[in-house]
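Asks: According to the working numbering, the stretch in the sequence shown is residues 5 to 139, in order.
Where hints are given, some of them may not hold.
[Claimed, not checked] Within a straight-line C-alpha distance of at most 30 angstroms, the following computed DSS-like cross-link-like pairs (lysine-lysine) qualify:
| # | residue 1 | residue 2 |
| --- | --- | --- |
| 1 | K96 | K74 |
| 2 | K96 | K107 |
| 3 | K114 | K96 |
| 4 | K107 | K74 |
| 5 | K114 | K74 |
[As the list claims (entries may be wrong)] Pair by pair, the computed Cβ-Cβ distance ranges are:
| # | residue 1 | residue 2 | range |
| --- | --- | --- | --- |
| 6 | S89 | G25 | 38 to 44 angstroms |
| 7 | M122 | R69 | 25 to 31 angstroms |
| 8 | F135 | Q90 | 20 to 26 angstroms |
| 9 | A92 | C127 | 18 to 24 angstroms |
| 10 | A85 | E121 | 34 to 40 angstroms |
| 11 | F135 | H43 | 29 to 35 angstroms |
| 12 | Y16 | A133 | 32 to 38 angstroms |
| 13 | D38 | R138 | 44 to 50 angstroms |
| 14 | A8 | A137 | 18 to 24 angstroms |
| 15 | R26 | R109 | 26 to 32 angstroms |
The set of hints was computed from the structure by calculation and includes no laboratory data. C-beta: ideal position from N, C-alpha, C; glycine also.
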Amino acid sequence: MPGAPPELQQRYIAGNLSITGRALNLRAAAADCDAGVNHGDHLVVAALLAAGKPQLSLPNFMPERVTAEKVMALGAGLRTASDASQFAADLKRLLEDTGLADKARDCAAKLTDLDTEMALRRCVENVAAQFAARL
Numbered sequence: 005m006p007g008a009p010p011e012l013q014q015r016y017i018a019g020n021l022s023i024t025g026r027a028l029n030l031r032a033a034a035a036d037c038d039a040g041v042n043h044g045d046h047l048v049v050a051a052l053l054a055a056g057k058p059q060l061s062l063p064n065f066m067p068e069r070v071t072a073e074k075v076m077a078l079g080a081g082l083r084t085a086s087d088a089s090q091f092a093a094d095l096k097r098l099l100e101d102t103g104l105a106d107k108a109r110d111c112a113a114k115l116t117d118l119d120t121e122m123a124l125r126r127c128v129e130n131v132a133a134q135f136a137a138r139l
């Protein structure tokens with residue numbers, strides 16, 4: 005939480021929660037956790053899927069909602085509401101439903117075969133071709 009006052013950060017730090025003013029290494033955090041709670045940001049979702057961790061998303065905006073729905077469709081996570089009792093119930097399910105963890109690990113197994121360098125190269129080539137076609 006860059007810019008958050010230290011007293012605010014200290015109020016919420018617990019044995020299973022840390023708050024820092026610096027960027028988080030998502031890959032390391034995802035590898036180290038049992039499950040993730042997020043707002044549906046693509047980078048966080050992708051890091052958790054790549055690590056084979058189930059997740060609970062609390063999206064605010066349309067892109068995050070779409071991402072959360074896709075994770076649900078994979079069976080690797082849940083989408084929750086801001087209502088405290090619903091959030092608590094969904095968090096309990098996230099931690100206890102082994103099927104969610106199984107599906108998340110299945111996703112990670114599929115991603116290990118993904119050649120990210122080749123995927124990025126193809127993406128750049130596709131964008132360049134579309135740009136060139138418009139000239």
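Asks: Run every hint past the structure and note whether it holds.
Replies: Now the hints, each set against the structure:
no., hint, in the structure
1, K96 / K74, "21 angstroms, holds"
2, K96 / K107, "17 angstroms, holds"
3, K114 / K96, "27 angstroms, holds"
4, K107 / K74, "13 angstroms, holds"
5, K114 / K74, "16 angstroms, holds"
6, S89 / G25: 38 to 44 angstroms, "32 angstroms, violated"
7, M122 / R69: 25 to 31 angstroms, "30 angstroms, holds"
8, F135 / Q90: 20 to 26 angstroms, "45 angstroms, violated"
9, A92 / C127: 18 to 24 angstroms, "40 angstroms, violated"
10, A85 / E121: 34 to 40 angstroms, "39 angstroms, holds"
11, F135 / H43: 29 to 35 angstroms, "32 angstroms, holds"
12, Y16 / A133: 32 to 38 angstroms, "48 angstroms, violated"
13, D38 / R138: 44 to 50 angstroms, "47 angstroms, holds"
14, A8 / A137: 18 to 24 angstroms, "47 angstroms, violated"
15, R26 / R109: 26 to 32 angstroms, "29 angstroms, holds"
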